[in-house]
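Given chain A's structure and the hints, the job is docking chain B onto it.
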Amino acid sequence: MSGSDKQPRIERRQFLKGAAAAGPALAAASLVSPQAAQAAQTPAGAAAPATMAVREQHPPGTGQPLAPGYVVGGDHMTDCLRALDIEYVASCPGSTFRGFQESIINYGGNKKPEFLTALHEDSSVHFAMGYAKITGKPMAAMIHGVVGVQHASMAIYNAFGDQVPVYIIAGNLLSEWGRRPGAEAAHSSTDQAQMVRDYIKWDEQPTTLRDFSNAAARCYEAAVSGAPGPVMLTADADMQEEAIHEDHKADLRLPKIGRRIPASADSGTVQELATMLCNAENPVLSLDRYGNNDKSIPLMVELAEALQAPVIDTRGRMNFPNRHPLNVSDIGGPYLRNADVVLAVEPRDLFGMVMALDDEDVRTPRPRIGQNTKVVRLGISHTSQKPNYGGSQRYAPADLDIQADAQGTMPALIEAVKRMAKPNFAARGERIANQTKNLLERAKAEAAYGWDASPISTARLCAEIWDQIKNEEYTVPTETNFLSSWPQRLWVMDKYYNFLGRSGGWGVGYNSAAAIGAALANKPHGRVTVALAGDGDFMMAPGVIWTAAHHQIPILFVIHNNRGYHQETMHLQRMANRRNRAVTTADIGTTIKDPNMDFAMMAKSMGVYSEGPVSNPVDLRPAIQRALAVVKRGEPAVLDIVAQPR
Amino acid sequence: MKFSRLAFAVASVCVLSGGALAAQAQAPAGDAARGKAIFARVGCYTCHGFEGQGGVGPKLAPGPVRAWPVFSTFVRTTSRDMPPFTTRNLTDQELADIYAYLTAVPASPAPASIPLLMQLGGRSGLPCKRALPCPGAPLFYAPTA
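As given, the protein sequences belong to chains A and B, one line each in that order. All residue numbers for the first sequence refer to our numbering, where the first residue is 1 and numbers rise by one. All residue numbers for the second sequence refer to our numbering, where the first residue is 647 and numbers rise by one.
Please keep in mind that the hints were generated in silico from the structure rather than gathered at the bench. Any given hint could be a false lead.
To be verified - To give an idea of the interface, some chain B residues facing chain A are shown, with a C-beta separation under 10 Å as derived from the structure:
#: 1; residue: R680
#: 2; residue: Q699
#: 3; residue: G701
#: 4; residue: V702
#: 5; residue: T723
#: 6; residue: D727
#: 7; residue: A742
#: 8; residue: A750
#: 9; residue: S754
#: 10; residue: P755
#: 11; residue: A756
#: 12; residue: P757
#: 13; residue: A758
#: 14; residue: I760
#: 15; residue: L766
As the list claims (entries may be wrong) - Simulated DEER-style distance windows between Cβ atoms:
#: 16; chain 1: B; residue 1: S759; chain 2: A; residue 2: Q552; range: 38 to 44 Å
#: 17; chain 1: A; residue 1: P367; chain 2: B; residue 2: S759; range: 39 to 45 Å
#: 18; chain 1: A; residue 1: D359; chain 2: B; residue 2: A753; range: 31 to 37 Å
#: 19; chain 1: A; residue 1: G182; chain 2: B; residue 2: P704; range: 54 to 60 Å
Claimed, not checked - Far from chain A, by Cβ distances over 12 Å, these chain B residues were calculated:
#: 20; residue: P715
#: 21; residue: D738
#: 22; residue: A746
If you're wondering where the values come from, they're calculated on a predicted model, not measured in any experiment. We treat Cβ as the ideally placed atom computed from N, Cα and C, and that holds for glycine.
In isolation and in its complexed conformation, chain B is listed as follows:
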């Protein structure tokens, strides 16, 4: 457990400084189509969604996908809600295929290009008409009920 936590900590540090590490470590060649199938077969989709868009687990794609060293270290060593995938359950090649799939997921449309999302309203409520307890307090909301 302690080792795994340490590994997670290392991975987290790598996330913070991921840009430099990413440049140093190239992901092995992978097959995106095969990776998509593996992503579903080994159950990544259960927490991250079929597209890697996130769900119970965080979003993995579309990019930027975390650098390969961070990504692979996390998958192999995490001990939190997501248990580690050993090579017995996921070979190095399969992991590389998944990585290829995630990096190939096309970018999502910008929210601004989706009218449905842009129509979503902002703050609810009405301007507050009550005398607030202290001068200058923000006016937020008056109950409408």
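Chain A extracted, bound-state conformation:
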């Protein structure tokens, strides 16, 4: 920061220190007794106000190296992250947090938290999403002032929509006094969280170092409490670089987070719900964002079996074993239509669960449920919604709205249902089991269509992968609807980490990056992470595989290469068709061909093992074998598979 010229000038840190030192001195002179002023200069442990003591102990603001015995604000911020048990900080570098970054690396030893180098702020936040879906706790995403927030905003929106805790730390230079012209001024803001406030749960911009830990704690609590979501803590650059005497560091309190007990429904409500479910002829359980940890699925299985009721997993998370005889997810329509009670568990959007709306000229909703069906909503997933950005369709009322954590309510609900269970439940369960027993055989028959086709069918692709990971603990961290949900239809999925749901905001680029975060979280568990990402998604954030290589994150990264943003190809074709105009132009602006991309070459350029393009189904098996061998060595591997659109 200091220049080489000898002309007197006010530099940012120098001015700050001068002002900081002068301020308390004036305050002490006018408001505090001489004894108190003297006490303010006493070392740690004294009763003096910490802020005052800290500021009066600043070393001379000459731009000289940090004097012995002094630390900086970034060191305290690093301690705060450590106190919050944040293991990683995903970040694409930016000067507005240089003081913080240097502290994490040199003061903190780059361990807990450790820097995870990202090549785009959007990827940083998506890394954190994938990581949180496995671990249940936030990763920090450190992003540059203003421009970094702008880059990250779509991923933040995804995290909000998907209700995933992400701890965003944004750099900033709040005081305009010391902003240099150019980048430093451009990357500073009075209130940069304003850009994303519509879709974050909480934000703070502490203006003193002493306030930092409180702000850090509140942000953390907001991220993980209730319906989780992203939060933003703005770390002022001046504060990061502010010097404090190490004796006074202890005066800066560290955040402490206690155990969190989610709110469960009271016993009377539980009894009312159990009565409704047990008295129903045809109850249905419909699950959205329920399965978030290793207790979620066993509890839901216990409830479903106590009721012998059909379960529809809408795949917002991995909610229910896909091969369970009560799982009617792929044949759920008749069950919903005949239901007298539907228990919607942690639905983000109740309307979408009970009503259907096709892409027609005139959009008339069709009820999925009967006229007299009673709908009970159990959960808190809808409580974080904000008015400006959606995630919900039309308003749909629940007959009984139980605003309590679904998993927290499960044990009491299960017990209540067991007490009221009726003998006729058994016949219902048998009937459902008879209707689901052939689903796998049906899936096999459908998977055989186009089995030898080139481009390779998505069913064949998924079957070939499964054959080689079926004995592994594994995670599919990517959306599967773009592959016709073949993993759910062909594989065995019964752990919460087998599938992580969707992006939340349908923001493209999520899959590729979130997969890396999930793989990082899986690494200590030895789980195989299998990303099934589209070529369009991958091209939003191709640098994520470099991050995997750099940090030695094992992942089988399969690019479902259908040479386009295929959803948009279908949309354009549909528009042209509906307007009775040329339908042969749907590939303009929607496809990624002419020339075709060489993803294997791209991956190689980033130090990643890769193969492809693979377009002959016969070549799939050996390619997957070789790639998995690399993954089991602890490295990433990329396969470019030229496949059918869906």
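Below, chain B alone, put in the same frame as chain A:
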């Protein structure tokens, strides 16, 4: 819209009684090779896959392909997620070529002949050891976590 829905309903009825109608109405002659190219060019593949195996849209092939009257009526009149193809975008001959292509798609291998598919497991989970709430309730699954 109402007309289109009606047409769809008619087409659906035809599906139900398709066998008889199929016997009555022969598809016009078509060129399968040309039909394959048209199938891709006009975008049928986007929802139904290059082989007609299905994707976002239902499977069209391999057979049995729906009877020509059902097939052609649906393509010309549907108003649901799939908009209708008029003769401006798809001539009668081109539609016949597509039909020829779909009926010529060779049968898929039987799942039983594909070892990979046959190895796919059945039910997940372990025999349930819990006391179930009512006598005789099916024993399905015990959590392994």
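Here is how each hint holds up against the structure:
With 10 Å as the threshold, the beta carbon of B:R680 stays out of range of chain A, its nearest partner Cβ sitting at about 15 Å, so the hint is violated. A least Cβ separation of about 4 Å between B:Q699 and chain A falls short of the 10 Å threshold, and the interface hint therefore holds. The closest approach between the C-beta of B:G701 and any C-beta of chain A is roughly 3 Å, which is under the 10 Å cut-off, so the hint is satisfied. Nearest Cβ of chain A to the Cβ of B:V702: about 5 Å, under the 10 Å cut. The hint holds.
The beta carbon of B:T723 comes no nearer than 13 Å to any beta carbon in chain A, farther than 10 Å, and the hint placing it at the interface is violated. For B:D727, the interface hint holds, since its Cβ comes within 10 Å of a Cβ in chain A; the closest pair sits about 5 Å apart. Annotation: B:A742 was flagged as interfacial toward chain A, and the flag is violated, the nearest CB pair being 17 Å apart, outside 10 Å. A least Cβ separation of about 14 Å between B:A750 and chain A goes past the 10 Å threshold, and the interface hint is therefore violated.
With a least beta-carbon distance of about 4 Å to chain A, the hint placing B:S754 at the interface is held under the 10 Å criterion. With its C-beta approaching chain A no nearer than about 6 Å, B:P755 sits inside the 10 Å limit, and its interface hint holds. The criterion of a C-beta within 10 Å of any C-beta in chain A is met by B:A756, whose closest approach is roughly 7 Å, and the hint holds. With a cut of 10 Å, the hint placing B:P757 at the interface with chain A holds, because the nearest CB-to-CB distance is about 4 Å.
At about 9 Å, the closest approach between the beta carbon of B:A758 and any beta carbon in chain A falls short of 10 Å, and the interface hint on this residue holds. With its C-beta approaching chain A no nearer than about 6 Å, B:I760 sits inside the 10 Å limit, and its interface hint holds. A hinted interface residue such as B:L766 counts as satisfied when its beta carbon comes closer than 10 Å to some beta carbon of chain A; here the least separation is about 6 Å, so the hint holds. Here the CB-CB span from B:S759 to A:Q552 is close to 42 Å, well matched to the stated 38 to 44 Å.
Against the hinted window of 39 to 45 Å, the Cβ-Cβ separation of A:P367 and B:S759 comes to about 43 Å, which satisfies the hint. Take A:D359 and B:A753: their Cβ atoms lie about 32 Å apart, and the range 31 to 37 Å holds. Roughly 58 Å separates the CB atoms of A:G182 and B:P704, a value that falls within the hinted 54 to 60 Å. Chain A leaves B:P715 outside its interface by the beta-carbon criterion, the shortest separation being 21 Å against a cut-off of 12 Å.
Residue placement check: B:D738 keeps its beta carbon more than 12 Å from all beta carbons of chain A (closest about 16 Å). No beta-carbon of chain A is positioned within 12 Å of the beta-carbon of B:A746; the least distance is around 18 Å.
Comparing the model with each earlier hint shows violations of hints 1, 5, 7, 8; every other hint is respected.
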